[in-house]
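**Student:** In case you want the letters, here they are:
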Amino acid sequence: MRPLVIPGIIALFSVVIIYLALQLRTSPPLIVGASMQPRSFPIFLMVINLLLVGIMIWQNLKNPPEPVKMEGPTTWISIGLFALFYILTTYADFFIAIAAVVFLLSVSWGERRLHVAGLVALTVPLTLFLIFDEVLKIRFPRGLITNWYYG
Amino acid sequence: MYEALSAIGSVMLDPYLLMLIFVTTIGGIVIGVLPGLGATTGAALLLPFTLTMSPVHAIAVLATLYVSATFAGSITAILINTPGTSAAAATTFDGFPLAQRGEAGRALGIAVVASTIGGIFSIIVLCFAAPMLARVAYEFRPPEYFALTIFGLSMLASVGAGGAVRNLIGGIFGVWLATIGAERVTSIERFMFGNYELYEGLSFVPVMIGLFAISELLVQSKKAHLVAEVISLKAVKLPSKEDYKRIWRTIARSSGIGTFIGILPAEGATVASMIGYSEARRWSKNKEEFGKGAVEGIAGAEAANNAATGGAMVPTMVLGIPGSGTTAIILVGLMVHGLRPGPYLFTEQVDTVYQIFGAMLVANIIFLAMGLYAAKLFARISMVPTSILWPIVFALSVIGAYSLSASLLDVWIALIFGVVGFFARRHGFSVAPIAVGLILGHMVEVNLQNSLKMFDGAWWLIAAQPLALLFLVLSFLGLFGSQIVRMITKQKDS
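Those protein sequences? They're chains A and B, same order as listed.
When the count follows the numbering used here, it moves up by one through the first sequence with no breaks and lands on 151 for the last residue.
When the count follows the numbering used here, it moves up by one through the second sequence with no breaks and lands on 1494 for the last residue.
The reader is advised that the hints may include incorrect statements.
[As the list claims (entries may be wrong)] Now the stretches of chain B that chain A is said to cover, found in silico as 3 or more residues with beta-carbon under 8 Å:
1. 1176–1187
2. 1215–1221
3. 1384–1395
4. 1400–1410
5. 1423–1436
6. 1441–1455
[Stated by the list, open to error] Cβ-to-Cβ under 10 Å is the rule here; a few derived chain A residues that face chain B:
7. Ile10
8. Gln59
9. Thr89
10. Arg112
[What the hints assert, rightly or not] Straight line, CA to CA, 30 Å or less: simulated BS3-like cross-link-like pairs of lysine-lysine:
11. Lys1241/B <-> Lys1292/B
12. Lys1292/B <-> Lys1223/B
13. Lys1490/B <-> Lys62/A
14. Lys69/A <-> Lys1223/B
15. Lys62/A <-> Lys1492/B
No lab work stands behind these hints, which were simulated from the structure alone.
We put the beta carbon where it would ideally sit given N, CA and C, even for glycine.
Isolated chain B (complex conformation):
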């Protein structure tokens, strides 16, 4: 614990890092308030700018953007009924009605306080839970890792907007993308079509930029001529004593819910905020106010979605399994900077890990101040015309895709994946499973190969390992649990 406190404290003594966190928090809020951009697209666009930074600074910047953009989605959710990020969708249910009643400042005040408490709570849990989980993960061998990645992939069924089958198809497509290039053991070239720039496989960065930024650009092109109506905002104020009395239980509950949901591989802030909101409603004495401007509704959704950011960092850093599109990009950032995600990160780079957590903590405090004093200004930014914003995103995307390995092929890959991602989204597929599948693909194949070697080809022995069996059972339940429960209930009823 001393190590954690000292590393987190060292963030305060690094003025350059503090400055980066400050600037990124502002950038994150700007990205969060711009409808359509969001934390994932923002992280994909920011990643190339971190290439020359030290690993701590680079990952701290990405993590800071993650927490601040997740919070900022609530600003436009409250003021223009358009969530800046999908994680803030539940905030619109009560935030916008409260703003329509002329209490936009109060709604924003509750959102920012709940977000900060949720975020800080999850980082404290992260500091305790991550090393503990890392100690368990030390014992993992290839069969356990293989089963764990299968669990992560099975959880893809619930990532994003598509249905379970569509998400799994997307995930498998992502895993297949990871097989492009020379096979690790035999060096046999797979699906390269004679292009030797693909020998090392597809670069993650251009694929992420394509799937998240370029595809979003094409999605936004359909809304190019829409104009949003803004609710005027007098001032953002801290919740009153009466408000605190009404929301403190909700914030505490949602912070716990958000952190737990964030920790589950492949779950994320959007699911957390929806559950946080519905639990706030279930436990509230004023259920009839929900949907009309209930303060518990705003607090429940906002505490949960920000708590999920810290929670989602646990599987990302300890197990190398990202919980969402944004954590997938943070994971890519770790790899690009030569850090090996997994339990060894907590022995080999423990200072780096805690400094990243410290940066997230500082970001939470900075966005509290920003949210209270500059929300009005940030809300104005959301009015930047799409006809100016998205051409800028295009320029950032193509230069960002090029910059990782100074290769034009990466630019074409970003554009192709942008178009593929757009059409996939149009037909009900989410792009997050493709991204997560691409990242996990290598892990799945390598651990399956190593497991087969360990057991001399007897693949069924993988399920004979207790931990591996546990993950496989969890995967099965994750995929078919709800259907089994439904079948049992049907039988009981009949």
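Bound conformation, chain A alone:
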């Protein structure tokens, strides 16, 4: 069963894309002329993908791939922190989100000196903010801190 999981996911993805491509509007022949409809190219790609998936299944059945070890807790925590970053950016502030995630990433990756993690979480976003805002003139999204800074 295992050799079929990844090819199965790719095949399902390809079929979904073909379905979505078939829902696209067609353009009048006057515009596209002898060329192809906008749906044709993605469908063509996904058909090739399905052929490749067939080869991949054949390869996997011939030489079953080695089992992939489960991700460790640090990886899942890191992915979870990306979700936290999304929530904090949306509801608080881009830089509060960066500082919080930098701190928590640092701690979850094994940094025991909390003051060091805290210092990195403060100085890195602050330095990057100053470089991008003052030197590169990039305006950051509004939030609790940026509202106060931009006025």
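Start from chain A and add chain B according to the hints.
**Tutor:** Same frame as chain A, now just chain B:
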């Protein structure tokens, strides 16, 4: 040639550019010695910082980072048996054993001299080969370009760590990503799901940051608690006369091999260094020393991987076809700065092109000095705890992704592609084909559309054009050549 020399010379007269090259060379070496970061991730993180620079300065900075980080991978390969970049993997075979024998300084000296010679040789070839190839490429029409991009995509089969089929699936996924947004001729929206920020298509920069930097962060999270053992380094010294006698042929051979492999679309420094190493072994009189600290092994791998950097710039700049993940980012840099990669770059922006080559040349000379006098210091940098380094990479990634179009959507795209890239890598797919596919996707579709218009829908006439046919045959051989040879050999044997 006069144009080339004068433009390269003008680099020396631009103190700001020289300063940028100097600082970037140091930055590139730092990035190269930090295990996991490497030239591609470094270029993805650096790209947003170049936005306000002039095109020459921006691309020179990215190219400088490319050559210096590629070299620097050898420092940790020799001192801690951990290649800073995949291109330095072959250097560990003999570099680390030589360092264990207490000759780390000699190993680093050979690596830095071989890298510099390989790098400079490839830039000289680049100065000659690129304009010549550009003259041929002027004649290309849509069918030839379409066939060329198919050739580039077929070469994806050999990019990165995944197998050929997995790499091709990744490449096709990348090409599909390029179809997101409004279609060029009809303006019909494809796969946008009502999000009008995607009307112009996916931005390359956040996708690159996600695929290379964020996914690498997640890969490194598994190694968060590992501690490397460092070999102590007394001093880096230049190779002795005896060493030069042993390695000069190897350096010359590997410089040629590296440059040639770099020029092939979608091949890169990693493949070059492996072939450079194995050729050094094949031609050596001291084969038994290989794997135990052979100086030819270090020179062969290092000359080849740095020579590949110059070679890889040829298809990137002349044809718009990147040879690796890093050149894909340099190509994005060219586009972001309004430069049109392709043969016209060599008539419309010839000074810019040669100044970029000049910057790469200067970077090679600077890293020679840095490698000889500051390798010990750089080796210490590799000891920065991952628990500090990668959170910084996260901050750089999200701010970098945001900064291109001041859009939070780009930040989410970077994070999503980071997670997708991580799981793809976990299951044996390489992310470089996805990046190259994304860049080539637009070219493939547009040239196919134009070819169909040219031939009034008769698609088979594409193969009737001699050059296009040549590229299609090469693509076929690239994909099935080894299987055909295997079948013929089997038949002969039976």
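**Student:** Are any of the numbered hints broken by this structure? If so, which, sorted upward?
**Tutor:** Violated hints: none at all, because every hint is consistent with the structure.
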